[in-house]
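Protein chains: 2
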Amino acid sequence: MIKDLITKNRTYRRFHQEFEIRHETLRELVGLARLSASAANLQPLKYILSCDSQRNALIFSCLAWAGYLKDWPGPCEGERPSAYIIILGDTKISQSFGCDHGIAAQSILMGARDRGLGGCMIGSVRREQLRKDLDVPSRYEILLVLALGKPKETVVIEAVGPNGDIKYWRDSEGIHHVPKRSLDEIIIS
Amino acid sequence: MIKDLITKNRTYRRFHQEFEIRHETLRELVGLARLSASAANLQPLKYILSCDSQRNALIFSCLAWAGYLKDWPGPCEGERPSAYIIILGDTKISQSFGCDHGIAAQSILMGARDRGLGGCMIGSVRREQLRKDLDVPSRYEILLVLALGKPKETVVIEAVGPNGDIKYWRDSEGIHHVPKRSLDEIIIS
Chain A
0 MIKDLITKNR TYRRFHQEFE IRHETLRELV GLARLSASAA NLQPLKYILS
50 CDSQRNALIF SCLAWAGYLK DWPGPCEGER PSAYIIILGD TKISQSFGCD
100 HGIAAQSILM GARDRGLGGC MIGSVRREQL RKDLDVPSRY EILLVLALGK
150 PKETVVIEAV GPNGDIKYWR DSEGIHHVPK RSLDEIIIS
Chain B
0 MIKDLITKNR TYRRFHQEFE IRHETLRELV GLARLSASAA NLQPLKYILS
50 CDSQRNALIF SCLAWAGYLK DWPGPCEGER PSAYIIILGD TKISQSFGCD
100 HGIAAQSILM GARDRGLGGC MIGSVRREQL RKDLDVPSRY EILLVLALGK
150 PKETVVIEAV GPNGDIKYWR DSEGIHHVPK RSLDEIIIS
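Quick mapping for you: the protein sequence lines, in order, are chains A and B.
Using numbering that gives the first Met the number 0, read the first sequence as starting at 0 and increasing by one per residue.
Using numbering that gives the first Met the number 0, read the second sequence as starting at 0 and increasing by one per residue.
Fair warning: there could be bad hints in the mix.
Listed next, the in silico DSBU-like pairs over lysine-lysine satisfying Cα-Cα at most 35 Å (straight line) [stated by the list, open to error]:
no., chain 1, residue 1, chain 2, residue 2
1, A, Lys166, B, Lys91
2, A, Lys151, B, Lys2
3, A, Lys2, B, Lys166
4, A, Lys2, B, Lys7
5, A, Lys69, B, Lys91
Chain A is nowhere near these chain B residues, computed Cβ spacing over 10 Å in every case [as the list claims (entries may be wrong)]:
no., residue
6, Arg21
7, Gly66
8, Lys151
Calculated from the structure, these hints are not laboratory results.
Computed from a predicted structure; not experimentally measured.
For glycine and all other residues, C-beta sits at the position ideal for the given N, C-alpha and C.
Just need the whole structure built from these sequences, with the hints factored in.
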């Protein structure tokens, strides 16, 4: 069961923007992160939710998309995310966040996929602009932005070729291909 | 569905040690991490698997358990993990691993829970001893050790009390209690 969900849980960057994601849905998704593991149970992560078009537009303007697709500046109007969850690290609780935000992000995206949604973990963020636009207090470090929506693209997994290239690409029909290393490459003993 | 699995996916530290976990099962769990997100799709994580008692004992001797349970040195013989997955960062692929190991660890533990297993993400590791004992080449950074087994303890979630204390505790019946912050505390806007 979980294998099926993880296989379907691809990184999506184009969405049916008109599809509405409710605030309550975002709260439920953060509820999954809330119940996930945290180093020393400190739970230093905090969250900002967005599902209104004005706030979404502010957040969108701070994001960089799909570094390997040089000719693609990111999703066009109409294909942008319907919602965002911004993951912050509360420096009043901890000065380092280890991989807590990875654990949380994975729980949230699995939950999203389970509801027929999908998304993208974005680390390439103009943090100072985002902090200013959303008035994020300085005590919070901006760790990740999760873009969420109803996926409007097909993403397929490929084997990494003999040249070892892991760059994803989009074919002439708009299908997004993602090379993944083999199990034998990643298990070293 | 996923909510149920995440709710059941507690951190477990005592196991039915005699329960055997097969090497093939560990490979399948790493297969879930393989299909999970990785920053810029670099996939710099590598894995060492262990499910034989000799190697398990070497790994066990490098781990620190449950920092808040001062009187408990870790699981006794008979209650130790049946297997381990060590997550490494391959510095020939990347010098920084972001939160990739959190994403991978969450996928692996969700997969384990889905099979009736459970485990613990351990960051408190005597890394140089582990590197020496298992001959881990210097190109690999030791990021996390996942302990896995068939859980032999009950773990319950509690609300964080008014004093804000997040330390877990074990009651007189051996039940492990874990305070989690409320949704209203962690969602800041």
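Against the structure, the hints:
Between Lys166 of chain A and Lys91 of chain B, the direct Cα distance comes to roughly 17 Å. Compliance with the 35 Å bound is thereby established for this hinted pair. With a C-alpha separation of about 25 Å, the suggested pairing of Lys151 of chain A with Lys2 of chain B holds against the 35 Å cut-off. In summary, the hint linking Lys2 of chain A to Lys166 of chain B is supported, as the alpha carbons are separated by about 33 Å, within the 35 Å threshold. In summary, the hint linking Lys2 of chain A to Lys7 of chain B is supported, as the alpha carbons are separated by about 17 Å, within the 35 Å threshold.
Taking the CA atoms of Lys69 of chain A and Lys91 of chain B, the gap is near 25 Å; set against the 35 Å cutoff, the hint holds. Non-interface status of Arg21 of chain B relative to chain A is upheld: no Cβ of that chain comes within 10 Å, the nearest being about 14 Å off. Consistency note on Gly66 of chain B: stated as away from chain A, yet its beta-carbon is not over 10 Å from all of that chain's, at 6 Å minimum. No beta-carbon of chain A is positioned within 10 Å of the beta-carbon of Lys151 of chain B; the least distance is around 19 Å.
This entry does not satisfy hint 7, going by the numbered hints stated previously; all others are met.
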